[in-house]
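Asker: Sequence:
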Amino acid sequence: VIQIFYPFSQQLYPDEFPGLDPNDCPRDLAKHKALAARCKNAPYPDKYGHYREVSIVQIKHHWWWK
Numbered sequence: 001v002i003q004i005f006y007p008f009s010q011q012l013y014p015d016e017f018p019g020l021d022p023n024d025c026p027r028d029l030a031k032h033k034a035l036a037a038r039c040k041n042a043p044y045p046d047k048y049g050h051y052r053e054v055s056i057v058q059i060k061h062h063w064w065w066k
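Mapping of the sequence shown onto my numbering: position 5 corresponds to residue 5, and the numbering continues sequentially without gaps.
Just so you know, the hints here were simulated from the structure itself, not pulled from any lab data.
A virtual CB, placed ideally from N, CA and C, is assigned to each residue, including glycine.
Honestly, I wouldn't trust all of these hints.
Claimed, not checked - Restraint ranges, calculated between C-beta atoms of paired labels, are given here:
hint	residue 1	residue 2	range
1	54	30	14 to 22 angstroms
2	37	16	17 to 25 angstroms
3	1	40	16 to 24 angstroms
4	6	33	17 to 25 angstroms
5	2	38	42 to 50 angstroms
6	38	4	20 to 28 angstroms
7	31	2	25 to 33 angstroms
8	2	22	31 to 39 angstroms
9	40	12	33 to 41 angstroms
Could you build the full structure based on these sequences and the hints that come with them?
Answerer: Spelled out as structure tokens, the structure:
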């Protein structure tokens, strides 16, 4: 059995990227509201208008690191 260590996981960085930064926008916040709230990632929603969701990003990074 080989244990694989993922250096940037939400378990190691729970309060900053790649974990949930306190200044991140909530997933379903509209862009104009995010800009008004001055969230850290307000100018950068995905193509569906959603903001980063930590648990989903963690899964994506898991496959990317393999």
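Asker: Hints first: check each against the structure and report whether it holds.
Answerer: Going down the list of hints, with the structure as the test:
1. For the pair residue 54 and residue 30, the supplied restraint of 14 to 22 angstroms holds, since their beta-carbon distance comes to about 20 angstroms.
2. Between residue 37 and residue 16, the C-beta spacing of about 19 angstroms keeps the proposed range 17 to 25 angstroms intact.
3. Checked against the hint of 16 to 24 angstroms, the pair residue 1 and residue 40 fails, with Cβ atoms roughly 39 angstroms apart.
4. A beta carbon spacing of about 33 angstroms between residue 6 and residue 33 contradicts the range 17 to 25 angstroms that was offered as a hint.
5. Between residue 2 and residue 38 the beta carbon distance is about 44 angstroms. The supplied range of 42 to 50 angstroms therefore holds.
6. One distance hint, 20 to 28 angstroms for the beta-carbon pair residue 38 and residue 4, is violated here, with the actual separation near 38 angstroms.
7. For residue 31 and residue 2, the hinted distance range of 25 to 33 angstroms is not satisfied, since their beta carbons lie about 43 angstroms from each other.
8. At about 35 angstroms, the CB distance of residue 2 to residue 22 agrees with the hint of 31 to 39 angstroms.
9. About 19 angstroms separates the C-beta atoms of residue 40 and residue 12, a value inconsistent with the hinted range of 33 to 41 angstroms.
Going down the numbered hints, you'll see the structure goes against 3, 4, 6, 7 and 9, while the others check out.
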